[in-house]
Amino acid sequence: MNEFADEARSRVAHLLRMANTTDDEVRARLIAYADTTPEPPIMDRAGIVTTGCARCRGTAWRRQDTEGPVWVCGACGHVEGVTVECPHCAVAMDPPLPGAPDLWCCPGCPRTAATGEGPQDIEERERKRLRAGRLLGRTVVGTAIMGPAPLGSPAALGRSAGG
7 MNEFADEARS RVAHLLRMAN TTDDEVRARL IAYADTTPEP PIMDRAGIVT TGCARCRGTA
67 WRRQDTEGPV WVCGACGHVE GVTVECPHCA VAMDPPLPGA PDLWCCPGCP RTAATGEGPQ
127 DIEERERKRL RAGRLLGRTV VGTAIMGPAP LGSPAALGRS AGG
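So this note's numbering is basically just the index in the sequence shown, starting at one, shifted up by 6.
Because the hints were derived from the structure by calculation, they are not lab data.
None of the values given here were measured: they were computed from a predicted structure.
Even glycine gets a Cβ: it sits at the ideal position worked out from N, Cα and C.
Accuracy of the hints is not assured; some may be wrong.
Here are the simulated distance ranges between beta carbons [stated by the list, open to error]: (1) Leu109 with Thr28: 40 to 46 Å; (2) Glu91 with Ser16: 36 to 42 Å; (3) Arg144 with Glu31: 58 to 64 Å; (4) Glu31 with Arg63: 19 to 25 Å; (5) Asp127 with Met24: 26 to 32 Å; (6) Ile37 with Ala120: 32 to 38 Å; (7) Thr27 with Cys95: 44 to 50 Å; (8) Ala106 with Ile37: 33 to 39 Å; (9) Asp41 with Arg144: 58 to 64 Å; (10) Arg140 with Cys111: 18 to 24 Å; (11) Glu86 with Asn26: 33 to 39 Å; (12) Glu130 with Arg63: 27 to 33 Å; (13) Asp41 with Glu130: 36 to 42 Å; (14) Thr43 with Arg140: 43 to 49 Å.
All chains should be built: construct the whole structure from the sequences, respecting the hints.
Laid out in structure tokens, this is it:
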């Protein structure tokens, strides 16, 4: 099937095809779900990101507003700003620019986060960033960027610093 024909299929047809089941009860539940929930928004560069609506517990989609990302409920229309807090500085992170990747930046430290990440995820990303920096620093020693390694140092002798 070509892309145009697949694109023209209904949402119900897509859900039933993905479920790949002949169970009438499951098929009926999928059809009821598609009939009672709104169509998702057109997929943008960040994909489709959802959360539960705080008011009606419906599905809220992340959309980009002129002032940054917002959650918009497809059922009740409630709009709520998306915020991400830095676990280190305890301040709101700066949202990504429109059209940019989903990467929030802390104004007080170098931590970054994606929408929906918790404090543990943010701290793990920071640990990986710091480790990569340390590894890169070790790699750069002895190159033209840093200048030659001092005579008699492990790097100049072709050995690692650890032995």
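At the C-beta level, are Leu109 and Thr28 separated by a distance inside 40 to 46 Å? 43 Å, holds
Range first: 44 to 50 Å. Now tell me if the beta carbons of Thr27 and Cys95 are that far apart. 49 Å, holds
Would you say the C-beta atoms of Asp127 and Met24 sit inside 26 to 32 Å of each other? With Cβ atoms ~28 Å apart, the hint holds.
Are Glu130 and Arg63 spaced within 27 to 33 Å by their CB atoms? 30 Å, holds
Does the Cβ distance between Asp41 and Arg144 fall inside 58 to 64 Å? Once the Cβ atoms are compared, 59 Å apart, the range 58 to 64 Å for Arg144 and Asp41 holds.
Per the hint of 36 to 42 Å, is the separation of the Cβ atoms of Glu91 and Ser16 within bounds? 40 Å, holds
With respect to the beta-carbon atoms only, verify the hint that Ile37 and Ala120 lie 32 to 38 Å apart. Holds, at about 34 Å.
Cβ separation of Arg140 and Cys111, checked against the hinted range 18 to 24 Å: 21 Å, holds
Is the gap between the beta carbons of Thr43 and Arg140 within 43 to 49 Å? Once the Cβ atoms are compared, 48 Å apart, the range 43 to 49 Å for Arg140 and Thr43 holds.
Quick check: does the Cβ-Cβ distance between Glu86 and Asn26 fall within 33 to 39 Å? Holds - the Cβ-Cβ distance for Glu86 and Asn26, about 36 Å, lies within 33 to 39 Å.
State, for the Cβ atoms of Arg144 and Glu31, whether the hinted interval 58 to 64 Å holds or is violated. 59 Å, holds
Take the C-beta atom of Ala106 and the C-beta atom of Ile37, compute their distance, and say whether it sits inside 33 to 39 Å. 38 Å, holds
The structure is consistent with each of the numbered hints, conforming to all of them.
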